[in-house]
Amino acid sequence: MTSTENEKGDSPMSLDDEVRAPQRASDQQDYHATSSEQITAEVLAAISSTTGTRAGEILSAVIRHAHDLAREVRLQPDELLAAAEFLRRCGDISDAARHEYILLSDVLGLTMVVDTEAAGVADGALETSALGPFYRAGAPWEPNGANISRGTDDGEPAKIHGRVLDTDGTPISDAVLDVWSTNARGLYENVDPTQPDYNLRGRFRTDANGSYDLWTVKPVSYPIPDDGPVGELLHLTGRHNMRPAHFHVIASAPGYQTIVTELFTDDDPYLDSDVVFGVKPSLVVHYNRIEGPARLAAAGRTEPYWDLRYDFILAPGQTTTVEFSTGRHQNH
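Positions in the sequence shown are counted from 1; adding 24 to them yields this note's numbering.
Keep in mind the hints are simulated off the structure, nothing from the lab. By construction, the Cβ of each residue, glycine as well, lies at the ideal position given by its N, Cα and C atoms. Hints may contain errors.
[Unchecked claim] Pair by pair, the computed Cβ-Cβ distance ranges are:
1) G351 x L260: 40 to 50 Å
2) W165 x R263: 35 to 45 Å
3) D290 x S235: 44 to 54 Å
4) S60 x G175: 21 to 31 Å
5) F348 x D116: 30 to 40 Å
6) T77 x D221: 37 to 47 Å
7) E256 x I82: 20 to 30 Å
8) H353 x G76: 37 to 47 Å
9) R78 x Y125: 51 to 61 Å
10) A107 x A85: 10 to 20 Å
11) D221 x A106: 37 to 47 Å
12) P340 x D116: 42 to 52 Å
[Stated by the list, open to error] For lysine to aspartate or glutamate, the following EDC-like pairs were computed, each having C-alpha atoms within a straight-line distance of at most 16 Å:
13) K304 x E151
14) K304 x D292
15) K304 x E66
Turn these sequences into a full structure, and let the hints steer you where they fit.
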């Protein structure tokens, strides 16, 4: 093997040794970013194939804002791992009937930010609100006048009736109202195996005059689940876990914008502090108490009940379908 002398004439070094000798840092090519900003730029460059797509627009924004957050608060490695663990536990506690990530989005206000930015509702038309994690598709079709309270001790009877109109006041026939609410204990049927299947859920069609008429129970305020990671977050920030009394509706008709919304009871103490920030002034409604022999006789009833008359106003637009649906806990 041939040897060479170094520049100082010291002991010779084989060519094999030269090949194996590590380069000094100053001699190496700069393959890696040396600042957090350069890391952000490299990550964005790595997903450049998605440029011009909706997925690319969203993903690149997530990367930019997440990196900016880490820099702004000087996020520490243990804090990042704690956040990852929090998200893991959100997944662990979720199942077909419980959706902790939706709940997390709700309590952070993200759901209502998206709702507000995406709504685009015409003036005078029904406003949108949160779908929530408890919507269950496939509720039974019911005739007008039907009672969707199928359980025992569901709550105080309530009649909800009115019309579905367009923004010019023209009745919309064959409009669909997909409705759901909790019982008096604040539980949706899908998380309460003691309730009948699809209790307090139903779908109704308006008649030729755009009218609808249904019986249910007067909504009550209720706590969202706080026995998981989202509850820990609420406790950490000193927030309660209560939602004001409300009645969920998806209102739709061919040729009109589908509206996902809620109607809030005006006498509820949590209207100003809804844990998911869903209340809008136009969605607050008043239930009248119907009692006394004469009024009850005129209504063909023997027991007092609550009455809500409400007209749903739809604007022309795209009819869409809600793709999300929860499941139901089974009683094993």
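Hints and how they fare:
1. G351 x L260: 40 to 50 Å: violated, 29 Å
2. W165 x R263: 35 to 45 Å: Because 39 Å falls inside the window, the suggested range holds.
3. D290 x S235: 44 to 54 Å: violated, 23 Å
4. S60 x G175: 21 to 31 Å: Given about 56 Å between the Cβ atoms, the range is violated.
5. F348 x D116: 30 to 40 Å: violated, 20 Å
6. T77 x D221: 37 to 47 Å: Distance hint for T77, D221 holds at roughly 42 Å.
7. E256 x I82: 20 to 30 Å: holds, 28 Å
8. H353 x G76: 37 to 47 Å: This hint holds: roughly 44 Å between Cβ atoms.
9. R78 x Y125: 51 to 61 Å: violated, 20 Å
10. A107 x A85: 10 to 20 Å: With Cβ atoms ~19 Å apart, the hint holds.
11. D221 x A106: 37 to 47 Å: Given range 37 to 47 Å: holds, Cβ gap about 40 Å.
12. P340 x D116: 42 to 52 Å: Holds - the Cβ-Cβ distance for P340 and D116, about 44 Å, lies within 42 to 52 Å.
13. K304 x E151: holds, 8 Å
14. K304 x D292: This hinted pair holds, its Cα atoms lying about 14 Å apart.
15. K304 x E66: Violated, because 43 Å separates the two Cα atoms, which is more than 16 Å.
Checked against the numbered hints given earlier, this structure breaks hints 1, 3, 4, 5, 9, 15; the rest are met.
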